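Student: Spelled out, the chains give:
2 protein chains.
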Amino acid sequence: MTIENISSNKCFGGWHKQYQHQSRVLNCAMRFAIYLPPQASEQKVPVLYWLSGLTCTDENFMQKAGAMRIAAELGVAIVAPDTSPRGGEVADDAAYDLGQGAGFYLNATQAPWQAHYQMYDYVRDELPELIENHFPVTESRSLAGHSMGGHGALTIGLKHPDLYRSVSAFSPIVNPINCPWGQKAFTQYLGKNRDAWLAYDACELMKQASCDLPIFIDQGSSDNFLEEQLRPEALIAVAKEKEYPLILRLQEGYDHSYFFIATFIEDHLRFHASHLV
Amino acid sequence: MTIENISSNKCFGGWHKQYQHQSRVLNCAMRFAIYLPPQASEQKVPVLYWLSGLTCTDENFMQKAGAMRIAAELGVAIVAPDTSPRGGEVADDAAYDLGQGAGFYLNATQAPWQAHYQMYDYVRDELPELIENHFPVTESRSLAGHSMGGHGALTIGLKHPDLYRSVSAFSPIVNPINCPWGQKAFTQYLGKNRDAWLAYDACELMKQASCDLPIFIDQGSSDNFLEEQLRPEALIAVAKEKEYPLILRLQEGYDHSYFFIATFIEDHLRFHASHLV
Numbered sequence: 717m718t719i720e721n722i723s724s725n726k727c728f729g730g731w732h733k734q735y736q737h738q739s740r741v742l743n744c745a746m747r748f749a750i751y752l753p754p755q756a757s758e759q760k761v762p763v764l765y766w767l768s769g770l771t772c773t774d775e776n777f778m779q780k781a782g783a784m785r786i787a788a789e790l791g792v793a794i795v796a797p798d799t800s801p802r803g804g805e806v807a808d809d810a811a812y813d814l815g816q817g818a819g820f821y822l823n824a825t826q827a828p829w830q831a832h833y834q835m836y837d838y839v840r841d842e843l844p845e846l847i848e849n850h851f852p853v854t855e856s857r858s859l860a861g862h863s864m865g866g867h868g869a870l871t872i873g874l875k876h877p878d879l880y881r882s883v884s885a886f887s888p889i890v891n892p893i894n895c896p897w898g899q900k901a902f903t904q905y906l907g908k909n910r911d912a913w914l915a916y917d918a919c920e921l922m923k924q925a926s927c928d929l930p931i932f933i934d935q936g937s938s939d940n941f942l943e944e945q946l947r948p949e950a951l952i953a954v955a956k957e958k959e960y961p962l963i964l965r966l967q968e969g970y971d972h973s974y975f976f977i978a979t980f981i982e983d984h985l986r987f988h989a990s991h992l993v
Numbered sequence: 717m718t719i720e721n722i723s724s725n726k727c728f729g730g731w732h733k734q735y736q737h738q739s740r741v742l743n744c745a746m747r748f749a750i751y752l753p754p755q756a757s758e759q760k761v762p763v764l765y766w767l768s769g770l771t772c773t774d775e776n777f778m779q780k781a782g783a784m785r786i787a788a789e790l791g792v793a794i795v796a797p798d799t800s801p802r803g804g805e806v807a808d809d810a811a812y813d814l815g816q817g818a819g820f821y822l823n824a825t826q827a828p829w830q831a832h833y834q835m836y837d838y839v840r841d842e843l844p845e846l847i848e849n850h851f852p853v854t855e856s857r858s859l860a861g862h863s864m865g866g867h868g869a870l871t872i873g874l875k876h877p878d879l880y881r882s883v884s885a886f887s888p889i890v891n892p893i894n895c896p897w898g899q900k901a902f903t904q905y906l907g908k909n910r911d912a913w914l915a916y917d918a919c920e921l922m923k924q925a926s927c928d929l930p931i932f933i934d935q936g937s938s939d940n941f942l943e944e945q946l947r948p949e950a951l952i953a954v955a956k957e958k959e960y961p962l963i964l965r966l967q968e969g970y971d972h973s974y975f976f977i978a979t980f981i982e983d984h985l986r987f988h989a990s991h992l993v
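Respectively, the protein sequence lines represent chains X and U. For the first sequence, our numbering gives the first residue as 717, with consecutive numbering after it. For the second sequence, our numbering gives the first residue as 717, with consecutive numbering after it.
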């Protein structure tokens, strides 16, 4: 497993770096960004994995969220992968919510997607292995994401509480089997049999969860996608029924953008740091 | 003077908004962004004008600098104009450092540029008039910028200490008459007579300044443009000779990017706030 450095920028006393590598799981070249806080020059640090939303790359969160200031204070590394396999040989679609930039953090089983769209295994296995082999990090991991990436963080976290100390999300798709984004993507990537969809639905997974992995969610009340796509009340209902330790805040007047994420990312990083120690 | 709202995003309890208006000075439609801190809903607040660098629009600083967090705490509005006139009827050049995205905050006198490229007057007169007519702001103004925008902030500030309380810059072009970026742009916009260039050169203006407008500059030591384009030592020499109150910090290992700006923007905002009160 070799990685190629693409960029390095000093930031808040640490380093923001981008790398490219050949992914064996996705069968294509992939890019990721890592922020190494100043503490990483002297000791191993824990890692927060950030999963971005539709249309994003490894860059959006690192450039727009203002997270590195707090990561530098707390001594936490941040890793941001791309949101799908990429490249001329990778299946794609003209729509923004399918194909490249829209991997939905699942393992596709249907043609033409299954050859590359294995983001679930990439995020869960290959990426942490790569990071832990190449950078001064511990095996303490947390997981966070936005929108489609919030869906990724919740589903991967709920299925693997052994691998993560905490999960958080902004504006996550909590019930993809019951919203247009999820139904479209799952039909394409997983086929029409809805039984196969249940393994990638945060509400369904929380119903079956026997873990108490801490979960923290922020949702804007003025998010354009709130009622049709995001529906946090579905997850709240499951959490109540299960007495699951979910913290979900409805933030008055905030929308789906990185302006919302930037406003509250500090709370998320402090939440993760309290579990990563 | 009418303005049209293009976007509104709640951020750190205040609002980030973009507007479009027909500029009488630039003779084209212009866009700007404004951040109104939460305090602006109850009282008038002072304004920091931010001038961006080559290739930027009104968006780069607002999305990448992490400034709104501190502006919200300090009760300072931020206004970010575009970096040049724009549009199909506006003269342009294929190079990134001339034409649209590269207005250099001056009043062009040469064809084909002079019909629209009057960014100096736009920033000094039309924009503050517009802002003060339409938003809950005081007439306390400060000025800051990056690279070409640092040049803009320094030159406009040094010529109009009556209009601004303080000036700051990241990686400014302090001596454009003696660097390739400046020489290329000034030849095109102002003609070959170097006498006309002196009015837009921070070193020359500081030599003649009779003001003590506070100036604060951060410069990265690993900036790719440091030796050929930026040459802060030229301004330091003038400040020493004149005993001008210049604070210039060389930041070890930092480059020309917004990762550098994000790291130190808090210091700049606190500097301005101390003068804007």
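Bear in mind the hints are in silico, worked out from the structure with no lab data behind them. Among the hints, erroneous ones may be present.
Any copy will do: because identical chains look the same in the list, a pair fits if it lies in one copy or spans two.
[Stated by the list, open to error] Quick list of in silico lysine-lysine cross-link-like pairs, DSBU-like style, CA-CA up to 30 angstroms:
1. K900 to K733
2. K958 to K923
3. K923 to K908
4. K733 to K923
5. K956 to K900
What you are looking at is a predicted structure, and each value in this text was computed from that prediction instead of being measured.
Student: Next, verify each hint and record whether it holds.
Tutor: Evaluated hints:
1. K900 to K733: neither (34 angstroms within a copy, 33 angstroms between copies)
2. K958 to K923: within (7 angstroms within a copy, 72 angstroms between copies)
3. K923 to K908: within (22 angstroms within a copy, 74 angstroms between copies)
4. K733 to K923: neither (39 angstroms within a copy, 41 angstroms between copies)
5. K956 to K900: For K956 and K900, the Cα distance is within 30 angstroms only inside one copy (29 angstroms; across copies 66 angstroms).
The earlier numbered hints that this structure contradicts are 1, 4.
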